[in-house]
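In order, the protein sequences belong to chains A and B.
According to this note's numbering, the residues represented by the first sequence are 1 to 293, in order.
According to this note's numbering, the residues represented by the second sequence are 1001 to 1293, in order.
Just so you know, the hints here were simulated from the structure itself, not pulled from any lab data.
Glycine is no exception: its CB is placed at the ideal position from the N, C-alpha and C atoms.
What you were told as hints is all true, and nothing was included just to trick you.
If you anchor each label on the Cβ, the simulated ranges turn out as follows:
id: 1; chain 1: B; residue 1: 1037; chain 2: A; residue 2: 236; range: 57 to 63 angstroms
id: 2; chain 1: A; residue 1: 235; chain 2: B; residue 2: 1197; range: 44 to 50 angstroms
id: 3; chain 1: B; residue 1: 1180; chain 2: A; residue 2: 38; range: 42 to 48 angstroms
id: 4; chain 1: B; residue 1: 1116; chain 2: A; residue 2: 149; range: 40 to 46 angstroms
id: 5; chain 1: B; residue 1: 1183; chain 2: A; residue 2: 72; range: 52 to 58 angstroms
id: 6; chain 1: A; residue 1: 253; chain 2: B; residue 2: 1115; range: 31 to 37 angstroms
Number of protein chains: 2
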Amino acid sequence: MLRPPDHQVAGHQAAEGQLGPLVDGAGFFYKPLQGDDRGAHEAAFYSSFSSDPRVPPHVRAFFPGFHGTQLLPASDGSGPHPHLVLDDLAACLRRPSLIDIKIGARTWYPSAPDDYFHKCLKKDRDTTSLALGFRISGAWIHQGGDAGFWRPDRDAVRRFTAKDVRRTLRQFVSSNPASDPGPPDCAFASAVYGRSDGVLAQLLELKAWFEDQTLFHFYSASVLVMYEREEVEGRRAGGGVRVKLVDFAHVMEGNGVIDHNFLGGLCSLIKFISEILTDPDECSAESNKAQLS
Amino acid sequence: MLRPPDHQVAGHQAAEGQLGPLVDGAGFFYKPLQGDDRGAHEAAFYSSFSSDPRVPPHVRAFFPGFHGTQLLPASDGSGPHPHLVLDDLAACLRRPSLIDIKIGARTWYPSAPDDYFHKCLKKDRDTTSLALGFRISGAWIHQGGDAGFWRPDRDAVRRFTAKDVRRTLRQFVSSNPASDPGPPDCAFASAVYGRSDGVLAQLLELKAWFEDQTLFHFYSASVLVMYEREEVEGRRAGGGVRVKLVDFAHVMEGNGVIDHNFLGGLCSLIKFISEILTDPDECSAESNKAQLS
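Isolated chain A, as found in the complex:
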């Protein structure tokens, strides 16, 4: 039985008659092809990527497995619609915390048509993309026990400042609720961001590939980070930590050049995460400021 995923943090949602992704509860995620050429473009990327022998297996593991396209009843009731058949990245996680981080100071590709370019440029300037090299697109953070989830609303996320981003990346690995007046306690920072197979280690693996690969340029793609709070609290191995790349409607050919836009943003995110590990007690970034005037 197909249904909307429980934990979607960004993108169009299959609810209230809207077209959105579906899951089958058996490990597959069905993403409807977007109506303009973005859908076809994303399908072409998955097809090219999944058969490219130059992508090493440890890198391939960061991407959802691709199982072709399939005609399925659309979630908006409009009838059969082509869907990408992908691995459900949150499969087997009971109550994951998730954060979706769109990487790159620039979400537009060099050959973008004018209206798309202007739309993206405005959004990159209005959000933290331009300043930080990435922006948070959405978050869904388990508050512990039966306290449910904290999910900043979409408009709030769009207005996130650098300070909000810093706080949300801390909140994501904290045991105290987001409503606490004090700072996030970062109780799970070392279990989620640290460790030899934690988020930081995985981002560094991705970075090494991006320093070298000249096959693809990933505009407007996201890093999706997940973990299972109950696993971490129970000190179970792994803690359900997963780092994945998603959203490939604007991937371009690399033409022999590295994806310096994605790489720069990824390095900036890595620095943010490293700082949380080095200094789990919140301190002001203001102290680290040069004076040019």
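Assemble the complex: chain A is given as a structure, and chain B must be docked to it using the hints.
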């Protein structure tokens, strides 16, 4: 006696009544403060940078030493004008080859006024900056013996494509003249780009700093690479290889964020240089192309 430098590859030149930099032949380089607030801004950067204890000595060595400002007769005959007093980076080099590479896909800073932003954006798109994350601003390449120098003219440099950039980075370390119909031979690649203290090693040192430093964002700054062909041909230690950073009229405070724009471009340049070392025989980058359609 002050005179225009022998080997200036980019920027305003002190010739034909124009305001430009001067050298004294005793190791100092005098850069006239630019008339708008760029001059004052660059002086403020040098002053802040040179007294900042957080900049490690091995990083400081990439920057020209700063010795304050001084009122000197301007090269355009307009009378006394304030000049930055800097180390002459080409001091003690007899006939250096030089290349000036402006780093960053984006030369405009987030708070740039609209007209400057539009001017930079257009130039970033019209040159290779946007696609490669850097552009060549000028080159001055010793052709061996008494054959003089090859210096692509400014308009040609502005029109450089990715292919021209690739070729010029090869030409820079080749023994055969630029006028040769065949490909550059890259005879000096390992002596200049390679080696434990060569260009690549120095760029990697810079990269390590940029992955971590959140003090400054370097918009529109350049990496200047130099070496002495006669030293390299004579297999003398060092070969006069120097890697320096120059042009700081648009350096901004980092505000606790890494300079992802500069870092991305630097990593792209590093990849270009690495490829020349891995494959000194020119081969088409076309073979390294993904197919998305």
